[in-house]
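Asks: One letter stands for each residue in the lines below.
There are 2 protein chains.
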Amino acid sequence: MFESAELGHSIADEVYKKETPALREALLDVQFDLAEAKNFPVVILIGGVDGAGKGETANLLNEWMDPRLIHTCAFGPATEDEAERPPMWRFWRELPPKGKIGIFFGSWYTSAILENLDGKLRKKLDSHLNDIVHFERMLTDEGALVIKLWFHLSKKQQKNRIAELEANPKTRWRVTEQDKQHLKHYDAFRTLTGHILRETSTANAPWMVVEGFDANYRSLTTGKYLLETIRKRLDSKTPPPRKAAAPALALAAVDGLNVLNTLDLSKSLDKDDYEDQLEEYQGKLNLLTRHEKFKQISVIAAFEGVDAAGKGGAIRRVTQALDARIYSIIPIAAPTDEEGAQPYLWRFWRQLPRRGRVTIFDRTWYGRVLVERVEGFCSTQDWMRAYAEINDFEEQLINHDIVLAKFWLHIDKDEQLSRFKSREETTFKRYKITDEDWRNREKWDEYQQAVCDMIDRTSTEQAPWTLVESNDKKYARIKILKTIYEQLDRKLDSLK
Amino acid sequence: MFESAELGHSIADEVYKKETPALREALLDVQFDLAEAKNFPVVILIGGVDGAGKGETANLLNEWMDPRLIHTCAFGPATEDEAERPPMWRFWRELPPKGKIGIFFGSWYTSAILENLDGKLRKKLDSHLNDIVHFERMLTDEGALVIKLWFHLSKKQQKNRIAELEANPKTRWRVTEQDKQHLKHYDAFRTLTGHILRETSTANAPWMVVEGFDANYRSLTTGKYLLETIRKRLDSKTPPPRKAAAPALALAAVDGLNVLNTLDLSKSLDKDDYEDQLEEYQGKLNLLTRHEKFKQISVIAAFEGVDAAGKGGAIRRVTQALDARIYSIIPIAAPTDEEGAQPYLWRFWRQLPRRGRVTIFDRTWYGRVLVERVEGFCSTQDWMRAYAEINDFEEQLINHDIVLAKFWLHIDKDEQLSRFKSREETTFKRYKITDEDWRNREKWDEYQQAVCDMIDRTSTEQAPWTLVESNDKKYARIKILKTIYEQLDRKLDSLK
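Protein sequences, first through last, are from chains A and B.
Just so we're aligned: 7 in this note's numbering is position 7 of the first sequence, and the numbers increase by one with no gaps anywhere.
Just so we're aligned: 256 in this note's numbering is position 256 of the second sequence, and the numbers increase by one with no gaps anywhere.
Chain A extracted, bound-state conformation (with noise of 0.2 Å):
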């Protein structure tokens, strides 16, 4: 991996003083037009070696191109936020909008890097690594450009550099003592990182090595790479339109059975035994929140459900069980325009609940497979890639001790017709049915496909759907507010 990048590369003065202007100038306007464009962000990552010109790299495309519209992002030890989230929650939140260059100092490698330097942990290691390839393969289908850096010095270069900086009384100081325990590790490092570079270079998103001991070299080098890969970028096509028919993932079966229509709709509860477990169920749930062992945890509840399948008033059956001051509710409506211009998972993560919290999604994540696929919003490509991505989400979810609830509330055609016909008549405003409403129906068979489609390839083990008979209200407000009491009961109890 390092091999080419040890040869002693270097670059006059004259020729370094007489191409830069040339090449400051190109990455301006390249700079410019992908600010004007606003199609994709660029993420430059930003490794390698002590001494080998990292952080002198950031400040010089700071100051090669327009800070402006650079933002460059530096990672230490996680603060008390950071921490209760998700590891790749400080990552996410520091993502570029499109049109913009962001500059990752520190980026998701660090911690592969340092749990590993004893050489021990190959096999964790390898899944982290995995991990990092599905992210940045993520961010790269979603239209990022991703630009990964590793300055390197040979061993030899090392010593010398640290010798050198010590000899002089003015730069001693710069020498410090992890320097020296760095270079004594030198040649495991360089197995380490050469095994993550090569386990993490792709297609769509590989890593250039530069050799960091002369400055000329390196900057010239960074600066023509990041100039050519940006413009040549920009000057590629567009992607194919967006609207494309959807194609079922599967025959359906030929039998016609399915998830959704194998469900016993008829399920029910009468008002006696409703309100028994509600109140069972509300205090059950509500003593668990207050459990000392709540704070270690977070919770999400996710709602998905056919339209009037009634996920309102069953949120409400939670949410009465709760003290108000620890959950919030998110409603999902069309992003923001600061979400339009990042991948489409990050409004969620920037929703993440912390220690002690819950957050309920009324409608989530899952729009990409179901909305957006079956209206054409997003290409094939896009939803049919989005069942990994929420796989890798969720994981990452569960990971990190957030009990996960995802809930399906299913209703069967003549159910929803007349709700929505007596939701016509009502004279409440905020139920007012829209032709919209009415235009989802006549998809009907195609939201179900996709519903099951959903159903089958994001169920895992540890994120299981329940789905919930819904014709009958009160059945399936105790069924929701029973799975979230057992999935948390389930989780206090697994902790130590």
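Since the hints were derived computationally from the structure, they do not count as laboratory data.
Some clues are possibly wrong.
Only pairs whose alpha carbons sit at most 25 Å apart, straight line, appear in this in silico SDA-like list of lysine to any residue [to be verified]:
hint: 1; chain 1: A; residue 1: K54; chain 2: B; residue 2: T289
hint: 2; chain 1: A; residue 1: K100; chain 2: B; residue 2: D437
hint: 3; chain 1: A; residue 1: K38; chain 2: B; residue 2: E436
For chain A, the structure is supplied; the task is to place chain B on it using the hints.
Replies: Okay, now just chain B, sitting in the frame of chain A:
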């Protein structure tokens, strides 16, 4: 303040049961109208005596209304991220957007109460309360409906409540040591909060004191008060059209002198001096940012100026002195839709730097009294009150150990013309000149008047404006660098 809330109000169960269904219906309707109109947010503060029903009321409102349109927030001890910003930052972050209701539990009153329970700091308290009045005035001027509810119990009721809870083995656990302590200090608390409520009960944001002992009375009163207040606001006439001719705040000086036209724009530096001083002050500034004490403070540099005065170039000379990992540049353009749904200053509050960081604003919150005033983007009322709001804002920055450097870059009309022309001749797209630039130029005199008013009204001892003679770019850049260096140096010196 509390007399009417110690009368032993109560409502019989049958009355309560009879009245609530219609009240809930009406509350849902008003909430729906609020969400549909999206004209203003509703900020509900909940405060009061222990056990007077604060938590119960927050829960009840979420139960009676649609919790998806309510954001309830509670504030514990500041998190690390919060502690690194001025105290009001955490509240700004939670403000509801237009069309939504935010319930604040433990608001900006909490510290005023906690810090003064010993009854000693009356003078500091009054200044604190004055800040609160200003803040709420700003909220209501920006259109927010601010509803402040205080739940009260007389001393006797408080004693009875605690005694009753203790008498019952099932509820005994609910009486904490804190409850008993608070009861001991009941009189001091009553005196203090009475004073606070009186001082902060303004025409635009009055307190409503509710006797909390009888739950029926408390709930009906709260519900009806909310209903009436929100409905009245919804029904009130829309404010007058925003466009309005901008009067001069004061007569232009009859001798024609002002702070801009008395600047000596012939000031300049030759190239050698410039390069020497550039290196000197960039080096000095860089050293200060590496100072141990720099981690205790933050820096904000705010740039305003005539079009083509050279803000961009000046900013780059500053950032060259800084490590890219510690600064952000925020170019201020049109607000995003999330920003547009909030009070004017919200989009600046969200960008405040943490400790050890520098934020550079390329155009600033002064847009309100410059472009928005001159172009009539806001009403005369709006920009007239902005001076005081901005002074309040900046005072909070300074009190939080943020170094604030504000620059007005000035060039004369001839210099602007020649820069516009030379920009038109250049091929670099990023320097293209727009029709808007020419249009703004036609309003030169109006802009000058706005700038003079701005400087007079917002140049305070702690946050002075630095007027930068910028006909010579070299002179301007050095003056800016030197000013930031000196302000920062003074601040670091002043720290223990």
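Asks: Hints first: check each against the structure and report whether it holds.
Replies: Comparing the hints with the structure gives:
{"no.": "1", "hint": "K54/A with T289/B", "verdict": "19 Å, holds"}
{"no.": "2", "hint": "K100/A with D437/B", "verdict": "24 Å, holds"}
{"no.": "3", "hint": "K38/A with E436/B", "verdict": "21 Å, holds"}
Violation of the numbered hints given earlier is absent; every hint is satisfied by the structure.
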